[in-house]
Amino acid sequence: AQRVTQPEKLLSVFKGAPVELKCNYSYSGSPELFWYVQYSRQRLQLLLRHISRESIKGFTADLNKGETSFHLKKPFAQEEDSAMYYCALSVPSGTYKYIFGTGTRLKVLA
Amino acid sequence: DGGITQSPKYLFRKEGQNVTLSCEQNLNHDAMYWYRQDPGQGLRLIYYSQIVNDFQKGDIAEGYSVSREKKESFPLTVTSAQKNPTAFYLCASRQGHTGNTIYFGEGSWLTVV
Chain A
1 AQRVTQPEKL
11 LSVFKGAPVE
21 LKCNYSYSGS
31 PELFWYVQYS
41 RQRLQLLLRH
51 ISRESIKGFT
61 ADLNKGETSF
71 HLKKPFAQEE
81 DSAMYYCALS
91 VPSGTYKYIF
101 GTGTRLKVLA
Chain B
1 DGGITQSPKY
11 LFRKEGQNVT
21 LSCEQNLNHD
31 AMYWYRQDPG
41 QGLRLIYYSQ
51 IVNDFQKGDI
61 AEGYSVSREK
71 KESFPLTVTS
81 AQKNPTAFYL
91 CASRQGHTGN
101 TIYFGEGSWL
111 TVV
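Line by line, the protein sequences give chains A and B.
For what it's worth, the working numbering labels the leading residue of the first sequence as 1, then goes sequentially.
For what it's worth, the working numbering labels the leading residue of the second sequence as 1, then goes sequentially.
If you are wondering where the hints come from, they were derived from the structure by calculation, not from laboratory data.
Errors might be hidden in some of the hints.
[Unchecked claim] Calculated Cβ distances over 12 Å to all of chain A for the following chain B residues:
| id | residue |
| --- | --- |
| 1 | Pro-8 |
| 2 | Gly-16 |
| 3 | Asn-18 |
| 4 | Val-19 |
| 5 | Tyr-33 |
| 6 | Gln-37 |
| 7 | Asp-38 |
| 8 | Gln-41 |
| 9 | Leu-45 |
| 10 | Gln-56 |
| 11 | Glu-62 |
| 12 | Ser-67 |
| 13 | Arg-94 |
| 14 | Gln-95 |
| 15 | Thr-101 |
| 16 | Glu-106 |
[Stated by the list, open to error] List time: in silico PhoX-like cross-link candidates among lysine-lysine, alpha-carbon distance up to 20 Å:
| id | chain 1 | residue 1 | chain 2 | residue 2 |
| --- | --- | --- | --- | --- |
| 17 | A | Lys-97 | B | Lys-83 |
| 18 | A | Lys-97 | A | Lys-73 |
| 19 | A | Lys-57 | A | Lys-15 |
| 20 | A | Lys-107 | A | Lys-22 |
| 21 | A | Lys-107 | A | Lys-15 |
| 22 | A | Lys-97 | B | Lys-57 |
These numbers come from a predicted model, not from an experiment.
Every residue, glycine too, gets a C-beta built ideally from N, C-alpha and C.
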């Protein structure tokens, strides 16, 4: 069965410190992985996806198939990065199933 | 304003009553989804639908039912069989191609008393 694991419920860092939000997945095929972010009182929205290999708001994520991980990183955290972050996996083989991890709350302290 | 509309935003119901949450999208998306969001448990998939008149159970479908009679609509019924229905429910949709983003509604808070 497909599964997404985010081991940290809460991550607190100081402003300017590096951030790494962990995400591990289990899926036997080639996964499509995403990071979504939910700011306070806003809808869940896409942050980035692995197929784009892009950097959004300074965040990057690399798919490591050997370790089945898709960790989200930012070299210097900002206070406005405080939010709930969800890692998600899409099953690309036609079923359109889309599952999320339990989320990590990031708090960036001044 | 295009997007996904969920209604109502807040709903109170007595235990034992069925309740239906509405989800409408005008994005012309093929796939639609219902999730339940509980503190510490993230988003759990209830049901999803790839196409009209077809839907599949997600990970926590027991006590819920859906229909997909129109492309733009995917209502969720929370039945009396659902043991712990009080939760925040999110509807989402996406175009039916690999790699595409999923878009969310604003959510519906259901409280059963």
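No chain A beta carbon within 12 Å of Val-19 (chain B)'s:
22 Å, holds
Measuring Cβ to Cβ, find out whether Ser-67 (chain B) lies farther than 12 Å from everything in chain A.
Given that every Cβ of chain A is farther than 12 Å from that of Ser-67 (chain B), nearest at about 17 Å, it holds.
Hey, does Asn-18 (chain B) actually stay past 12 Å from chain A on C-beta?
26 Å, holds
Verify the proposed pairing of Lys-107 (chain A) with Lys-15 (chain A), using a straight-line Cα cut of 20 Å.
9 Å, holds
Given the hint that Lys-97 (chain A) pairs with Lys-83 (chain B), test it: the Cα-Cα distance must not exceed 20 Å.
24 Å, violated
Verdict on Gln-56 (chain B) as a residue remote from chain A, using beta-carbon distances over 12 Å:
Its Cβ does come within 12 Å of chain A, the nearest being 7 Å, so this is violated.
Can we trust that Gly-16 (chain B) is non-interface, i.e. its beta-carbon lies farther than 12 Å from all of chain A?
At about 30 Å from chain A, Gly-16 (chain B) clears the 12 Å cut-off, so the statement holds.
Per the stated criterion, does the least C-beta distance between Tyr-33 (chain B) and chain A lie above 12 Å, as a non-interface residue requires?
Its Cβ does come within 12 Å of chain A, the nearest being 6 Å, so this is violated.
Beyond 12 Å from every chain A Cβ - status for Glu-62 (chain B):
Given a closest Cβ separation of 16 Å, the condition holds.
Run the distance test for Lys-97 (chain A) versus Lys-57 (chain B): straight-line Cα separation, threshold 20 Å.
10 Å, holds
Minimum Cβ distance from Gln-41 (chain B) to chain A greater than 12 Å, as the annotation requires:
Non-interface label on Gln-41 (chain B) violated, nearest chain A Cβ at 6 Å vs cutoff 12 Å.
So if I understand the rule, the pair passes when the alpha-carbon distance is 20 Å or less; does Lys-97 (chain A) with Lys-73 (chain A) pass?
Violated, at about 26 Å.
Consistency with the previously given hints fails for numbers 5, 6, 7, 8, 9, 10, 13, 14, 15, 16, 17 and 18, ordered from lowest to highest.
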